[in-house]
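S.K.: In case you want the letters, here they are:
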Amino acid sequence: MKTPFRTAVLAIVGKDLRAEIRSRELLSVMAIFAVLCILVFSFALELDRGAREEAISGVLWVTLVFASLLGFNRSLALEGDQGNLDAMLLAPVSRSAIFFGKLLSNYLFTLIVALVILPLMTVIYNSNLLKGWLILTTVVGVFGFSSIGTLLAMLTLHTRSREAMLPIAMLPVALPLLLTAVRASTNILNDAPAREWLLWLQLLAAVTLIYLALCWLLCGFVLEE
Amino acid sequence: MGEKTPIIEVENLSKTFGLLPVLRSVSFGVARGETIMLLGQNGGGKSTLLRLLAGLSKPTAGLIRIGGWQMPKEVMEVRRQIGLVSHQPLLYGNLSARENLDFFGKLYGLTKDERVEGIGAVLDQVGLAKRADSLARDFSRGMQQRLSIARALLHQPEILLLDEPFTGLDQAAAETLEHLVLSAQREERTLIMTTHQLGRAPALARRALILSRGQIAFDGDIATMSAASLGELYASLCGGAAVA
Amino acid sequence: MTAKTKVLSLRQSAEATPMPALLKLLTIVTLVGFCITLVLGLLVAGTDIQQGEIQRIFYIHMPSFFGAFTAFGLTVVGGILYLWRKSEGWDRIALAGVEVGLAFALINLVTGAIWARPIWNTWWTWDPRLTSAAIMALTYAAYLMLRAGIEDEARKRSFMSVYGIFAFTSVLVTLFIIRVVPETIHPVIVGASPQNAQGGFEATSGVVMALIPSLLLWLTLMPITLIWHRVRIERRLEAVNRLKMQILSE
Numbered sequence: 000m001k002t003p004f005r006t007a008v009l010a011i012v013g014k015d016l017r018a019e020i021r022s023r024e025l026l027s028v029m030a031i032f033a034v035l036c037i038l039v040f041s042f043a044l045e046l047d048r049g050a051r052e053e054a055i056s057g058v059l060w061v062t063l064v065f066a067s068l069l070g071f072n073r074s075l076a077l078e079g080d081q082g083n084l085d086a087m088l089l090a091p092v093s094r095s096a097i098f099f100g101k102l103l104s105n106y107l108f109t110l111i112v113a114l115v116i117l118p119l120m121t122v123i124y125n126s127n128l129l130k131g132w133l134i135l136t137t138v139v140g141v142f143g144f145s146s147i148g149t150l151l152a153m154l155t156l157h158t159r160s161r162e163a164m165l166p167i168a169m170l171p172v173a174l175p176l177l178l179t180a181v182r183a184s185t186n187i188l189n190d191a192p193a194r195e196w197l198l199w200l201q202l203l204a205a206v207t208l209i210y211l212a213l214c215w216l217l218c219g220f221v222l223e224e
Numbered sequence: 000m001g002e003k004t005p006i007i008e009v010e011n012l013s014k015t016f017g018l019l020p021v022l023r024s025v026s027f028g029v030a031r032g033e034t035i036m037l038l039g040q041n042g043g044g045k046s047t048l049l050r051l052l053a054g055l056s057k058p059t060a061g062l063i064r065i066g067g068w069q070m071p072k073e074v075m076e077v078r079r080q081i082g083l084v085s086h087q088p089l090l091y092g093n094l095s096a097r098e099n100l101d102f103f104g105k106l107y108g109l110t111k112d113e114r115v116e117g118i119g120a121v122l123d124q125v126g127l128a129k130r131a132d133s134l135a136r137d138f139s140r141g142m143q144q145r146l147s148i149a150r151a152l153l154h155q156p157e158i159l160l161l162d163e164p165f166t167g168l169d170q171a172a173a174e175t176l177e178h179l180v181l182s183a184q185r186e187e188r189t190l191i192m193t194t195h196q197l198g199r200a201p202a203l204a205r206r207a208l209i210l211s212r213g214q215i216a217f218d219g220d221i222a223t224m225s226a227a228s229l230g231e232l233y234a235s236l237c238g239g240a241a242v243a
Numbered sequence: 000m001t002a003k004t005k006v007l008s009l010r011q012s013a014e015a016t017p018m019p020a021l022l023k024l025l026t027i028v029t030l031v032g033f034c035i036t037l038v039l040g041l042l043v044a045g046t047d048i049q050q051g052e053i054q055r056i057f058y059i060h061m062p063s064f065f066g067a068f069t070a071f072g073l074t075v076v077g078g079i080l081y082l083w084r085k086s087e088g089w090d091r092i093a094l095a096g097v098e099v100g101l102a103f104a105l106i107n108l109v110t111g112a113i114w115a116r117p118i119w120n121t122w123w124t125w126d127p128r129l130t131s132a133a134i135m136a137l138t139y140a141a142y143l144m145l146r147a148g149i150e151d152e153a154r155k156r157s158f159m160s161v162y163g164i165f166a167f168t169s170v171l172v173t174l175f176i177i178r179v180v181p182e183t184i185h186p187v188i189v190g191a192s193p194q195n196a197q198g199g200f201e202a203t204s205g206v207v208m209a210l211i212p213s214l215l216l217w218l219t220l221m222p223i224t225l226i227w228h229r230v231r232i233e234r235r236l237e238a239v240n241r242l243k244m245q246i247l248s249e
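Residue numbers (numbering that gives the first Met the number 0), protein chains in the order written: chain A, 0 to 224; chain B, 0 to 243; chain C, 0 to 249.
Don't read these hints as lab results, they were simulated from the structure.
C-beta atoms are modelled at their ideal positions from N, C-alpha and C, and glycine is treated no differently.
One or more hints might be untrue.
Straight-line Cα separation of at most 20 Å, SDA-like style, residue types lysine to any residue; simulated pairs [unchecked claim]:
1) B:72 x A:223
2) B:57 x A:94
3) C:155 x A:160
4) C:155 x A:85
5) B:57 x C:154
6) C:85 x B:61
7) B:57 x C:86
8) B:72 x C:86
9) A:1 x B:108
10) A:130 x A:198
11) C:155 x A:157
12) C:155 x A:159
13) B:57 x A:157
14) C:85 x A:216
15) B:57 x A:82
16) C:85 x A:219
17) C:155 x A:94
18) C:155 x A:223
19) C:85 x B:59
20) C:243 x B:19
21) B:57 x A:85
22) A:1 x B:74
23) C:155 x A:213
24) C:85 x A:213
25) A:1 x B:155
26) A:1 x B:69
27) C:155 x A:198
28) B:72 x A:219
29) C:85 x B:62
30) A:1 x B:67
31) C:155 x A:167
32) B:72 x A:222
33) C:243 x B:212
34) C:85 x B:73
To give a feel for the contact side, a few chain A residues facing chain B, derived at Cβ under 8 Å [what the hints assert, rightly or not]:
35) 14
36) 83
37) 86
38) 90
Full structure from sequences and hints, please.
M.R.: Structure below.
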């Protein structure tokens, strides 16, 4: 009697994309924040050229994480404020389909922001960030952040002062992702030989997969009352 | 109507939020095609009861059976039979009326043809056919409410749950809504609605449940009652002045 | 019933069950064991040649992390079992695990800082392991904040079970970061230290003899006894709150 998983996921992603193309509510906020973040870091690190080069991958990931936090909060608020999440929960679709639908659209939006700031940072920080392996690291890492972020945004949706709660809940849990992603990116940026960063990239992928599996198992408990 | 097989059976249903009991051992049955008016003070457990019936929330104790399926265990089987109109519109402001309905149609597994046909029909029914392609956020409160009824009707549910559908509606919108309720009754759908506008109750339903302090204080026929005597009954059970 | 007798009968129903014999025994054994490990660490074990007396803090420092590990591990177990069985007892264990574990983690941080002052010449440094240990403590502080922010009881219990499971990743990171991030200065006593480690010392037989009992105590009896007590307090607290609501709604 359930609506097929794929149909439900595609419906949710399609709905989010359509609404976003019309309003650009999420992307504009996330992108402007990300660009500001990069500029502010650039000024803050201006005095010390060496420090700036060292910090590039840190800046990249911190910017991505904060921008995605904004996006996740907003995207779930769009569902929660009008009670729309209830309307989805009423439908005969599995809870994991709702989670995965929201995860995919959150991932898509964060990925777009990432693809905007990579070339931008290449220009501002005068260092080539458009390397295949770095882009792959970004694609994997952002997926990890999106899965844990979507789950925790659903969790904090019903808490008092949820805007503040999501970062507090997510940042510590996202630490393994952040750590491995930054390690891999730094070494890739420094043109280090593959043996120095491949392990980090593999670790990042492993953590991402573990988080995805955990989210998959646990999302039902977060969506049901 | 009482002889028909019950489509909804509720036995000793209790729900506690935190430590606050909202429903205490509520039992009743609803026959197929019956309309029930659920009355009671704000915070008296009306919305909670509807959410439990809709499968949005799980009971602390007690049994709910809908169409023979046990809740919340077999809730997936029940979902397709239920339409809920909440006091919130449950719509996406950045999507047009048609897109909103199309999205929910997909979630209910309707095929493309079913959706096109069904959306046209329900939009006609709620009188929004001309505004099908306007964004939901540009709609007035009344229009949003009508669209949200269209959403609840789209998958042709057996049971329609309406939570304070008259709140915030102007006279014209309220009349359209009343029309819709009556036509749903003609289609033999089972309706449970809450309201605190007692004046409307006798015109729309024969049977009323009055909830007071989380318990059923009255369960009976109100078809023959005048609005005034219903108001008196309500005041005696719930205390305080009733809204006419 | 008069108001007074009513209050009395309510008070009776909130009365806690008497302490089980096993818990009494556990409490006594834990206390005695703690005294013994203190004697072993402070008096019996020899003074470290390089670091002197300050090295003795290690007999609390490292075991307290293991205590936190057990407590947070019990939070994961409690969370999984709560989600599975929906029995409130498991969630109480999970909550107690967080509070006890957080206390242990703070002991771990503070003793570490006291040790670092003479050895590293600073109270605190942003070393990877120190940072991750601090983040671990913050994660569980976030657990308590989140928990306070969710009003619906059933929702609170299942949401926090989920978060308790995820929060454990911060424990694992702290545990393993020493192996994967080579530039930490934090010494490893068991196994090979990182090459930059400062303040390591030989795990001589004297050190091991004082360390093992302390480690075992903090790993098992200490968290279990404390969590058990905390669970009983929580159960009473809930009973009292229920009675309060009962009186208010009458």
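S.K.: Would you mind marking each hint as holding or not holding in the structure?
M.R.: Tested hints:
no.: 1; hint: B:72 x A:223; in the structure: holds, 12 Å
no.: 2; hint: B:57 x A:94; in the structure: holds, 15 Å
no.: 3; hint: C:155 x A:160; in the structure: holds, 15 Å
no.: 4; hint: C:155 x A:85; in the structure: holds, 18 Å
no.: 5; hint: B:57 x C:154; in the structure: holds, 10 Å
no.: 6; hint: C:85 x B:61; in the structure: holds, 16 Å
no.: 7; hint: B:57 x C:86; in the structure: holds, 15 Å
no.: 8; hint: B:72 x C:86; in the structure: holds, 17 Å
no.: 9; hint: A:1 x B:108; in the structure: holds, 8 Å
no.: 10; hint: A:130 x A:198; in the structure: holds, 18 Å
no.: 11; hint: C:155 x A:157; in the structure: holds, 10 Å
no.: 12; hint: C:155 x A:159; in the structure: holds, 12 Å
no.: 13; hint: B:57 x A:157; in the structure: holds, 16 Å
no.: 14; hint: C:85 x A:216; in the structure: holds, 16 Å
no.: 15; hint: B:57 x A:82; in the structure: holds, 17 Å
no.: 16; hint: C:85 x A:219; in the structure: holds, 14 Å
no.: 17; hint: C:155 x A:94; in the structure: holds, 18 Å
no.: 18; hint: C:155 x A:223; in the structure: holds, 12 Å
no.: 19; hint: C:85 x B:59; in the structure: holds, 11 Å
no.: 20; hint: C:243 x B:19; in the structure: holds, 10 Å
no.: 21; hint: B:57 x A:85; in the structure: holds, 14 Å
no.: 22; hint: A:1 x B:74; in the structure: holds, 11 Å
no.: 23; hint: C:155 x A:213; in the structure: holds, 19 Å
no.: 24; hint: C:85 x A:213; in the structure: holds, 19 Å
no.: 25; hint: A:1 x B:155; in the structure: holds, 16 Å
no.: 26; hint: A:1 x B:69; in the structure: holds, 16 Å
no.: 27; hint: C:155 x A:198; in the structure: violated, 38 Å
no.: 28; hint: B:72 x A:219; in the structure: holds, 14 Å
no.: 29; hint: C:85 x B:62; in the structure: holds, 17 Å
no.: 30; hint: A:1 x B:67; in the structure: holds, 18 Å
no.: 31; hint: C:155 x A:167; in the structure: holds, 17 Å
no.: 32; hint: B:72 x A:222; in the structure: holds, 16 Å
no.: 33; hint: C:243 x B:212; in the structure: holds, 17 Å
no.: 34; hint: C:85 x B:73; in the structure: holds, 18 Å
no.: 35; hint: 14; in the structure: holds, 5 Å
no.: 36; hint: 83; in the structure: holds, 6 Å
no.: 37; hint: 86; in the structure: holds, 4 Å
no.: 38; hint: 90; in the structure: holds, 4 Å
In this structure, only the earlier hint numbered 27 is contradicted, and the remaining ones agree with it.
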